[in-house]
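Protein chains in written order, with the working numbering: chain V, 370 to 821; chain F, 370 to 821; chain H, 370 to 821; chain S, 370 to 821.
Wrong hints could be hidden among the right ones.
No copy is singled out in the list; a pair is fine if it fits within one copy or between any two copies.
Unchecked claim - With a straight-line Cα cutoff of 25 angstroms, these simulated DSS-like cross-link-like pairs (lysine-lysine) come out: (1) K762 / K536; (2) K707 / K675; (3) K576 / K729; (4) K576 / K709; (5) K576 / K675; (6) K707 / K576; (7) K462 / K536; (8) K732 / K576; (9) K576 / K698; (10) K602 / K518; (11) K698 / K536; (12) K462 / K483; (13) K536 / K464; (14) K762 / K576; (15) K517 / K707; (16) K698 / K710; (17) K698 / K638; (18) K638 / K518; (19) K464 / K483; (20) K602 / K710; (21) K536 / K517; (22) K707 / K602; (23) K602 / K517; (24) K749 / K462.
Worth flagging that the hints you see were computed from the coordinates, not collected in a lab.
Just so you know, these numbers come straight off a predicted model, no measurement behind them.
Now for the letters of each chain:
Protein chains: 4
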Amino acid sequence: MSAIIGIYSNSDVSKKLFYGLNSLQHRGQEASGICVYNEDGVVLDKGNGLVYDHFDDSSFERLSGKIGIGHVRYATANKPHVYNAQPLLAFAKGKEFALAHDGSLVNDEALRQKLSDDGAVFQTAIDTEVILSLVAKSYDGDIVEAIKKTMDKIKGAYSVIMLFDNKLVAFRDPNGFRPLIIGESADGDTIIASENAPIEIIGINDKVRDLEPGEIIVVDESGLHSYHHGDVKRQHCIFEHVYFARNDANLDGVNAYNFRRRCGEVLAKEAPVDADLVIAVPDSGTPGAMGYAQESGIPFAEGLVKNRYMGRTFIKTTQEERELAVKLKLNPLETVLKGKKIIVVDDSIVRGTTSRNLIKRMKEAGAEEVHFRIISPPVKYPCYYGIDTPSRKRLIAANYSIEEIRERIGADSLAFISMEGMLSASRLEEDVFCKACFDGNYAVWPEESDEV
Amino acid sequence: MSAIIGIYSNSDVSKKLFYGLNSLQHRGQEASGICVYNEDGVVLDKGNGLVYDHFDDSSFERLSGKIGIGHVRYATANKPHVYNAQPLLAFAKGKEFALAHDGSLVNDEALRQKLSDDGAVFQTAIDTEVILSLVAKSYDGDIVEAIKKTMDKIKGAYSVIMLFDNKLVAFRDPNGFRPLIIGESADGDTIIASENAPIEIIGINDKVRDLEPGEIIVVDESGLHSYHHGDVKRQHCIFEHVYFARNDANLDGVNAYNFRRRCGEVLAKEAPVDADLVIAVPDSGTPGAMGYAQESGIPFAEGLVKNRYMGRTFIKTTQEERELAVKLKLNPLETVLKGKKIIVVDDSIVRGTTSRNLIKRMKEAGAEEVHFRIISPPVKYPCYYGIDTPSRKRLIAANYSIEEIRERIGADSLAFISMEGMLSASRLEEDVFCKACFDGNYAVWPEESDEV
Amino acid sequence: MSAIIGIYSNSDVSKKLFYGLNSLQHRGQEASGICVYNEDGVVLDKGNGLVYDHFDDSSFERLSGKIGIGHVRYATANKPHVYNAQPLLAFAKGKEFALAHDGSLVNDEALRQKLSDDGAVFQTAIDTEVILSLVAKSYDGDIVEAIKKTMDKIKGAYSVIMLFDNKLVAFRDPNGFRPLIIGESADGDTIIASENAPIEIIGINDKVRDLEPGEIIVVDESGLHSYHHGDVKRQHCIFEHVYFARNDANLDGVNAYNFRRRCGEVLAKEAPVDADLVIAVPDSGTPGAMGYAQESGIPFAEGLVKNRYMGRTFIKTTQEERELAVKLKLNPLETVLKGKKIIVVDDSIVRGTTSRNLIKRMKEAGAEEVHFRIISPPVKYPCYYGIDTPSRKRLIAANYSIEEIRERIGADSLAFISMEGMLSASRLEEDVFCKACFDGNYAVWPEESDEV
Amino acid sequence: MSAIIGIYSNSDVSKKLFYGLNSLQHRGQEASGICVYNEDGVVLDKGNGLVYDHFDDSSFERLSGKIGIGHVRYATANKPHVYNAQPLLAFAKGKEFALAHDGSLVNDEALRQKLSDDGAVFQTAIDTEVILSLVAKSYDGDIVEAIKKTMDKIKGAYSVIMLFDNKLVAFRDPNGFRPLIIGESADGDTIIASENAPIEIIGINDKVRDLEPGEIIVVDESGLHSYHHGDVKRQHCIFEHVYFARNDANLDGVNAYNFRRRCGEVLAKEAPVDADLVIAVPDSGTPGAMGYAQESGIPFAEGLVKNRYMGRTFIKTTQEERELAVKLKLNPLETVLKGKKIIVVDDSIVRGTTSRNLIKRMKEAGAEEVHFRIISPPVKYPCYYGIDTPSRKRLIAANYSIEEIRERIGADSLAFISMEGMLSASRLEEDVFCKACFDGNYAVWPEESDEV
């Protein structure tokens with residue numbers, strides 16, 4: 370999982386990219402990068418850590434420019450190296466290409482193999498390099514054609530932003546798995562990003578819309594140009610709306626806040642329980658908890674205090690230190706919880722370890738009963754489209770019944786929303802969503818990659 | 370405003386101090402410092418910035434030790450220099466003293482003058498140095514006597530933690546203006562801190578209580594020793610409970626969360642208004658908003674999204690960049706606000722600029738009406754006891770009527786809780802609180818400093 | 370110009386690579402990088418600045434491993450970006466390749482074009498990537514064959530070190546333009562580096578020899594294997610021995626110290642002048658000055674004091690600040706120079722600006738006469754093999770007569786050693802050297818690149 | 370040992386102080402600090418490490434100002450803490466004092482005791498704070514009087530620079546133990562520093578002279594004012610001229626370069642030996658080696674190559690790593706040394722460990738014989754005036770005969786210059802020097818401190 374952003378402006382974009390990436394930091398804390406065009410050509414600065422930790426004043430001096438793109442990356446167990454950070458650069462056909470990507474290809478390995486057989490040499494371990502290579506190789510004077518050829522080959526989830534030839538370029542897979550949204554200002558600036566938060570914060574928002582699945586955008590001196598390619602079949606990741614996006618996200622017709630709140634309402638009907646209070650696991654669980662509270666008539670309360678100041682982590686921590694760091698993030702409010710029967714609303718259960726830890730600490734803080742309510746169905750299948758879910762072995766719901774999960778996490782009761790309930794809360798047609806992590810129906814099968 | 374912390378332990382305290390300070394970072398983001406005892410004697414590391422930014426792995430190596438204290442400091446306009454960071458050290462009478470302080474003396478200037486006349490030389494601009502000097506000068510083999518003599522001279526607000534002679538020492542002014550709380554573990558560790566959050570997070574909490582006003586604590590090999598000094602007259606800062614402390618604070622008999630929530634309930638009765646939604650200015654406004662919502666029956670909703678990743682600031686920002694940074698902190702949820710009549714609950718109004726900015730952005734996001742409700746009375750008087758309120762000229766409520774304030778901040782209606790209402794929500798006797806910022810009744814007059 | 374180093378050892382190499390690169394820092398101060406093999410696969414850490422500035426303790430933790438390579442790069446006007454730093458990585462044929470290079474290809478552009486036409490995409494602007502791509506593309510199970518195929522295609526100067534498949538690999542162009550030297554210890558460690566200094570300092574020096582021109586070395590579990598490829602025609606860069614290498618260098622049969630000293634002796638015979646003292650421009654001018662002094666009988670003295678502590682540079686310096694920084698490097702010793710006729714021996718004159726500046730400051734310090742003596746002939750032609758000489762327009766000797774140069778730099782007299790004199794001082798056959806910067810005879814023409 | 374610098378200028382001094390301190394870095398590498406006056410009052414920035422490592426661009430922004438002072442400190446075993454870094458600040462009598470000091474008081478302890486008894490509290494462990502306290506306490510409207518009163522109390526070595534009341538102030542003890550030199554420019558700038566190098570480099574050198582022993586300088590708007598105080602008895606540290614100062618130093622009538630060279634000449638007469646080459650231990654041994662070579666007729670050669678790029682050190686180094694770091698500093702030139710009888714000229718022998726290490730490595734590099742010649746007499750007594758010599762137990766010459774030292778360091782012969790020889794080389798009267806480290810005659814006895 371990642372966030373991407375690109376800005377085409379009449380004025381310097383380095384700090385706008387920086388603040389924009391900061392507003393998307395929830396989508397990735399491991400590495401960050403910014404790349405701009407200026408009189409020195411393409412200038413790139415990337416490295417490990419939060420955007421606030423990596424960039425400093427001298428970065429902004431170097432990164433001055435009027436067109437730029439940026440990226441933040443989620444921690445992924447097997448690819449932590451800096452050379453896997455984005456954006457990536459390519460020099461080919463006498464041109465400079467810079468590219469950043471959110472999503473995941475299902476035929477990455479097959480394409481790498483084929484490109485390798487044709488003589489390609491890769492310098493990173495990420496599928497982004499496959500996309501970049503294909504675009505650059507396919508380029509023959511027309512960037513849109515190069516992208517179309519690339520889209521014909523790559524399968525899976527990709528929302529992509531590029532710098533090319535003094536243009537800002539973006540494209541999104543025909544399933545629209547991962548979000549991508551564009552804003553324009555009356556005075557001619559354009560911004561494209563993974564969520565709407567940076568668009569509103571930076572204020573390039575006189576006109577805002579999602580990129581269509583299969584849409585290609587080119588912004589240059591002559592304005593904004595839109596193209597379409599591929600067989601569109603909407604498969605917007607529903608897990609984005611459940612968990613990943615900010616509460617203020619408005620993506621592909623779903624308002625995250627409203628959706629989560631309505632899921633809570635549905636859940637209150639589907640899985641009522643007698644209790645004193647409804648509390649949320651902040652931040653993505655909060656709207657759901659409010660919806661549950663409203664529907665059930667049980668008061669909502671804040672029972673977990675979140676620490677606002679968390680920065681980089683440190684090496685060689687002992688087990689005790691690791692526990693300290695965990696406790697810092699969320700502190701149960703004894704005064705709220707003590708002697709009470711509590712309904713806790715969270716967005717999802719993946720491994721179950723966080724839930725178990727949390728329930729244990731809430732009980733230590735005096736909660737008499739803890740009833741766990743989840744605004745998404747059990748996650749039983751891995752995601753091949755960019756959400757960093759673990760293998761099935763580690764997915765608790767793939768291996769245990771709901772009653773077994775309940776016992777393992779130590780809850781007094783446990784309920785997940787039904788698939789139908791969740792879908793009804795979206796107010797959209799069921800078939801616009803990818804729900805593969807819940808039902809295993811993958812629109813684009815990883816196995817298809819063999820056919821490349 | 371500051372936070373202080375001290376730990377006396379059987380094991381290394383450097384990372385515990387670090388995480389403890391981190392949980393108190395809301396009380397001060399400008400500078401931080403940690404001081405420990407180890408085989409090298411007193412080791413001190415302090416500097417500007419967040420604790421996460423200043424300390425690194427090599428810090429912890431240097432700061433290993435089993436007794437230590439720490440401090441974070443709020444940004445104050447006129448004292449930003451590193452040499453004003455705490456803890457401070459003193460070498461006197463063949464001993465090493467390290468001291469950190471939260472609060473503010475009212476007779477700092479007079480004492481400095483007197484000490485200067487007697488030949489003292491100061492190396493910082495902070496009143497903490499006056500306390501340190503007096504303790505060190507008064508020391509004659511008995512640290513408790515030295516502290517008592519010091520307490521006889523200093524007037525105002527002081528919660529103090531010291532390292533001295535392999536002891537952890539703490540004392541609190543006889544009015545108990547600023548909080549100070551102590552935790553002990555069954556296995557003999559002791560922690561003293563400005564709030565209870567680090568006590569719970571670090572887990573030295575088998576026995577937890579406030580230091581009494583006028584109490585002196587000495588922890589050494591032989592255990593914990595308590596002394597009392599001064600004419601106790603409780604004057605706990607009510608603004609701590611309104612705004613400054615974390616929502617999970619439990620200080621001097623007031624539970625911040627419950628207090629703020631009940632203030633909201635009272636306010637709903639005192640200043641009802643017809644509206645669609647109640648929203649909070651997070652985080653300290655949240656319980657109040659919930660209370661208001663419950664009492665009024667108007668639904669609570671989350672209407673402002675808070676950015677979780679804010680780090681150090683950067684130099685030479687333009688006005689545009691400054692605005693970007695402000696917008697990043699709180700983003701109005703258009704989907705919640707649009708077309709709605711909104712009640713916004715906040716903890717206080719000091720200058721009024723933040724409120725004006727917020728209301729403007731909420732209206733831009735589509736809020737039809739914005740009714741501002743404040744869970745504290747108008748702040749009309751400066752604080753001399755450690756809260757960094759501006760001079761009366763800048764206190765909006767000292768200069769304008771409520772109707773004028775309403776107009777200036779752009780609200781459709783504005784109401785403050787009554788003094789009686791707030792006090793009733795505390796469930797304590799009125800006279801245990803310092804409410805001087807609201808009513809101008811200063812228990813310890815700054816003018817008294819002349820008499821030193 | 371760069372330095373490269375590689376170590377194959379029984380123990381951790383991270384700090385050895387670090388100290389080794391430090392001893393080669395004179396060959397490049399702009400960027401540095403280290404790459405090792407360990408259980409995480411290939412780990413790479415590179416960035417701008419001196420090795421002492423870029424690496425810290427946490428780097429060494431990450432870079433632990435028993436095989437590794439490193440690189441430092443000279444400041445080059447048009448390629449300052451971090452993405453041009455080395456080592457470079459490649460993933461191809463299921464293998465990881467890491468490569469670092471000193472030298473310069475003459476057919477880089479043609480090869481890039483051809484590889485691009487074949488579909489290659491480049492991610493940097495350096496010819497090193499062409500070498501890496503060719504090796505990776507040519508690899509078909511036998512790394513030596515892949516290198517041979519690569520050597521058949523690339524023309525120019527290349528001393529290369531690679532990590533591949535738990536092997537340390539190195540190869541040198543058939544002309545041996547740039548140095549490359551190998552050391553082995555009795556207990557089985559191997560080191561390969563641009564100069565002998567790290568070999569001696571790290572102490573893997575029981576057996577030390579130059580790589581032959583056209584030699585390929587592979588070090589793995591089974592020991593050290595040597596192969597040869599290409600038509601060997603020795604063309605060792607004589608400018609290495611004149612200026613670039615450390616005074617303790619012993620490369621390709623030339624001992625830098627002895628060579629420089631004998632050049633000074635020859636120069637004293639070829640261009641005698643009556644004077645009081647001989648002084649050197651340290652450090653590479655020192656042996657020449659000593660030789661001149663001994664041969665002429667005029668006493669050698671130290672007339673310029675060198676600053677030992679120079680670190681990274683700072684942005685936005687004014688002209689005054691830039692001059693300060695220059696003055697810091699060398700300070701004329703007034704006491705030595707005052708009222709004296711001085712012979713100054715330097716290694717070379719390229720642009721002439723440093724000489725002019727130096728002579729001006731020596732005269733300000735009281736030198737009555739300054740006679741400049743250069744232990745190399747006039748540099749009239751650009752280098753295509755890795756020395757970062759400017760274009761002919763900026764080469765003072767390509768545009769002015771010796772008398773004109775003398776006038777421009779402000780010397781009282783000026784003499785360069787003759788080509789014959791310099792060659793006789795080398796004690797080797799003339800034809801083993803590349804002297805193209807002096808005589809324009811390029812053994813490998815850039816134009817040949819068209820034929821690729 | 371330390372270096373101090375102060376500048377009073379018409380323009381910004383922050384970078385001048387930085388570059389000036391850099392040129393004095395040989396006098397102290399452990400900590401550095403700069404303090405200036407500007408509109409924010411006194412601004413101070415200090416910390417551990419080289420000036421190049423501690424200060425960055427943002428430092429210079431903060432440290433802008435037209436009057437400033439700076440300090441670098443030598444590593445001292447027992448006082449490594451940052452709070453011992455200089456300059457120190459004092460706030461007293463409504464004024465700000467900033468002070469930096471080179472030297473060492475002999476009655477520090479007694480004064481501390483007395484000041485403590487009078488109620489002073491110290492915040493550092495350095496005698497500088499005693500000087501600062503006394504000046505501040507003695508101040509009664511006239512800074513010169515305050516300094517005179519201070520000078521009446523403090524005994525020992527002190528060269529001091531202060532910022533006070535928009536003035537640059539300096540004073541030097543009546544013995545003139547440590548150097549202090551002043552430069553003025555035609556356009557009204559003034560610089561005071563420990564050596565002349567920064568004066569020449571920064572270019573405030575139209576008029577340059579030593580401060581007299583007992584001289585007090587005040588520079589303010591009205592110009593430069595000089596005062597004198599105390600019973601002048603010149604006791605200039607001869608070890609400065611032997612070892613500590615740069616080769617370009619010109620202090621108190623001694624030119625370091627000429628002095629060292631003449632010492633070499635004298636030594637050649639006093640302790641001749643048959644050999645092939647004279648080599649120097651750079652940098653302070655170089656002029657002596659040249660003098661020895663000239664007098665003896667044995668050729669001078671460069672036999673040790675010095676590494677130019679040494680930065681900060683790293684934690685947790687193994688013995689092997691420590692040896693690597695040592696080897697990096699000086700590399701023996703095998704080509705020069707092999708099979709040769711070598712005379713090595715060094716400035717002094719203190720512990721003997723460096724000499725032993727060096728001789729061992731020279732023999733490994735093939736030197737047949739190594740004859741050690743020292744341009745100073747045996748160091749038998751500790752220094753109480755600021756040179757960080759070890760206790761007598763660790764001074765090899767205090768415990769062993771010359772023959773025993775020779776055997777321990779592994780030299781084939783060993784000779785020290787005679788006291789008379791060294792003094793004759795100075796061309797000054799014997800009684801202007803402090804030679805206590807050689808002869809134990811302390812002009813100001815530490816024992817006198819009891820009398821304070």
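Hint check results:
1. In this assembly of identical chains, the alpha carbons of K762 and K536 never lie at most 25 angstroms apart, being 44 angstroms within a copy and 36 angstroms across copies at closest.
2. Taking the closest pair of Cα atoms, K707 and K675 come within 25 angstroms of each other only inside a single copy of the chain (18 angstroms); across copies the shortest separation is 28 angstroms, beyond that limit.
3. Taking the closest pair of Cα atoms, K576 and K729 come within 25 angstroms of each other only across two copies (20 angstroms); inside a single copy the shortest separation is 47 angstroms, beyond that limit.
4. For the identical chains of this complex, K576 and K709 are inter-copy neighbours only, at 22 angstroms across copies versus 48 angstroms inside a copy, given an alpha-carbon limit of 25 angstroms.
5. Within a single copy, K576 and K675 get their C-alpha atoms only as close as 34 angstroms, which misses the 25 angstroms cut-off; across copies the closest is 24 angstroms, which meets it.
6. Only between protomers do K707 and K576 lie at most 25 angstroms apart by alpha-carbon distance; the minimum there is 17 angstroms, versus 49 angstroms within a single protomer.
7. Taking the closest pair of Cα atoms, K462 and K536 come within 25 angstroms of each other only inside a single copy of the chain (16 angstroms); across copies the shortest separation is 34 angstroms, beyond that limit.
8. For the identical chains of this complex, K732 and K576 are inter-copy neighbours only, at 18 angstroms across copies versus 49 angstroms inside a copy, given an alpha-carbon limit of 25 angstroms.
9. Taking CA atoms no more than 25 angstroms apart as the test, K576 paired with K698 passes between copies only; the shortest distance there is 23 angstroms, against 37 angstroms inside one copy.
10. In this assembly of identical chains, K602 and K518 lie within 25 angstroms of each other by CA distance solely inside one copy; the values are 19 angstroms within and 47 angstroms between copies.
11. When the C-alpha separation of K698 and K536 is checked against a cutoff of 25 angstroms, the pair qualifies neither within a copy, at 41 angstroms, nor between copies, at 31 angstroms.
12. With identical chains, the CA atoms of K462 and K483 are at most 25 angstroms apart both within one copy (21 angstroms) and between copies (10 angstroms).
13. For the homomeric pair K536 and K464, the shortest alpha-carbon distance inside one copy (12 angstroms) is at most 25 angstroms, but the shortest distance between copies (35 angstroms) is not.
14. Proximity of K762 and K576 under a CA criterion of 25 angstroms is satisfied in neither setting, with 45 angstroms inside one chain copy and 42 angstroms between copies.
15. In this assembly of identical chains, the alpha carbons of K517 and K707 never lie at most 25 angstroms apart, being 60 angstroms within a copy and 39 angstroms across copies at closest.
16. Within a single copy, K698 and K710 get their C-alpha atoms as close as 23 angstroms, which meets the 25 angstroms cut-off; across copies the closest is 34 angstroms, which misses it.
17. In this assembly of identical chains, the alpha carbons of K698 and K638 never lie at most 25 angstroms apart, being 31 angstroms within a copy and 35 angstroms across copies at closest.
18. Taking CA atoms no more than 25 angstroms apart as the test, K638 paired with K518 passes in neither setting, with 49 angstroms inside one copy and 66 angstroms between copies.
19. Proximity of K464 to K483 under the C-alpha cut-off of 25 angstroms is found in both arrangements, the shortest distances being 24 angstroms within a copy and 15 angstroms between copies.
20. Proximity of K602 to K710 under the C-alpha cut-off of 25 angstroms is found in neither arrangement, the shortest distances being 45 angstroms within a copy and 39 angstroms between copies.
21. Proximity of K536 to K517 under the C-alpha cut-off of 25 angstroms is restricted to the intra-copy arrangement: shortest distance 17 angstroms within a copy versus 41 angstroms between copies.
22. Taking the shortest Cα distances, K707 and K602 never come within 25 angstroms of each other, neither inside one copy (50 angstroms) nor across copies (31 angstroms).
23. Proximity of K602 to K517 under the C-alpha cut-off of 25 angstroms is restricted to the intra-copy arrangement: shortest distance 17 angstroms within a copy versus 50 angstroms between copies.
24. Taking the shortest Cα distances, K749 and K462 never come within 25 angstroms of each other, neither inside one copy (45 angstroms) nor across copies (34 angstroms).
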